[in-house]
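Given these sequences and hints, build the entire structure.
Letter by letter, the chains look like this.
Protein chains: 2
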Amino acid sequence: MTREEVVDFARKYDPQPFHLSDEAAAKTHFGRLAASGWHTCAMTMAVIVRHLLKDEQAGLGSPGVDELRWLKPVHPGDRLTVRGMVVDKTPSRSKPHIGTIRTRTIVSNQDGVDVMSFTSIVMMLRRPEGSA
Amino acid sequence: MTREEVVDFARKYDPQPFHLSDEAAAKTHFGRLAASGWHTCAMTMAVIVRHLLKDEQAGLGSPGVDELRWLKPVHPGDRLTVRGMVVDKTPSRSKPHIGTIRTRTIVSNQDGVDVMSFTSIVMMLRRPEGSA
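So the sequence lines, in the order shown, correspond to chains S and Z. The first sequence lines up with residues 1 to 132 when you count with the numbering used here. The second sequence lines up with residues 1001 to 1132 when you count with the numbering used here.
One should not assume that every hint holds.
Beta-carbon label-pair distances, calculated as ranges [as the list claims (entries may be wrong)]:
#1 Z:Pro1096 x S:Arg50: 25 to 31 angstroms
#2 S:Val47 x Z:Arg1050: 25 to 31 angstroms
#3 Z:Pro1017 x S:Asp8: 21 to 27 angstroms
Treat the hints as calculated values from the structure; they're not laboratory data. The C-beta atom is built at its ideal place from N, Cα and C for all residues, glycine as well.
Put into structure tokens, the structure is as follows:
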């Protein structure tokens, strides 16, 4: 996360004072400039999608997200790591080539502190029967 | 939502094919170019924050969001309306000047169709006792 990115995103989408300047953030529990939680979501999505595309995985979009939690502030200079795991998978009853997975995503910073987590529902193309 | 905004956001944060071009989206259930759900979240936040700032409401940040649902695709040219209601409020036990509200947000398009909904948890400054 760079300072410029944090402020650019906030100006456009989330212009609360603590997302715009250190001075305003110092008056709040954030202490110093903190990224919009929606910015952290967007950055996390960028990592996930680039990983999916690289692996030629076939995401078909998502009906939604549960238990999105902004656990700790994200500050300029933080280096975030995204971990994801599939927690369950359900083949579609009506469309055998499609399934739904639920994934748990955890984002942590350079100190190993979790800053965000969520569970998402993702529709995926299934591998043809018998393929590797 | 303009086409340029949809594609700009997707290039940066969610470069799945159906968020980048009508041609790719035509091969999916989206049918035509659809905005990233995270883009709809960010645009909704922009509306909410500008409303909060106008009314001098004192949001202190959010611990998270529940039941975020992307109900229908959002397409370029769509005009979105944001409705929000407070569903409950809880004063802080330890800090009497702070409270937590839960709000339900529903975003609908120009046809009155709900395209997104979520429940968010927001920390707020409370009015001093006895003030209007």
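Hints and how they fare:
1. Z:Pro1096 x S:Arg50: 25 to 31 angstroms: Given range 25 to 31 angstroms: violated, Cβ gap about 46 angstroms.
2. S:Val47 x Z:Arg1050: 25 to 31 angstroms: 29 angstroms, holds
3. Z:Pro1017 x S:Asp8: 21 to 27 angstroms: 25 angstroms, holds
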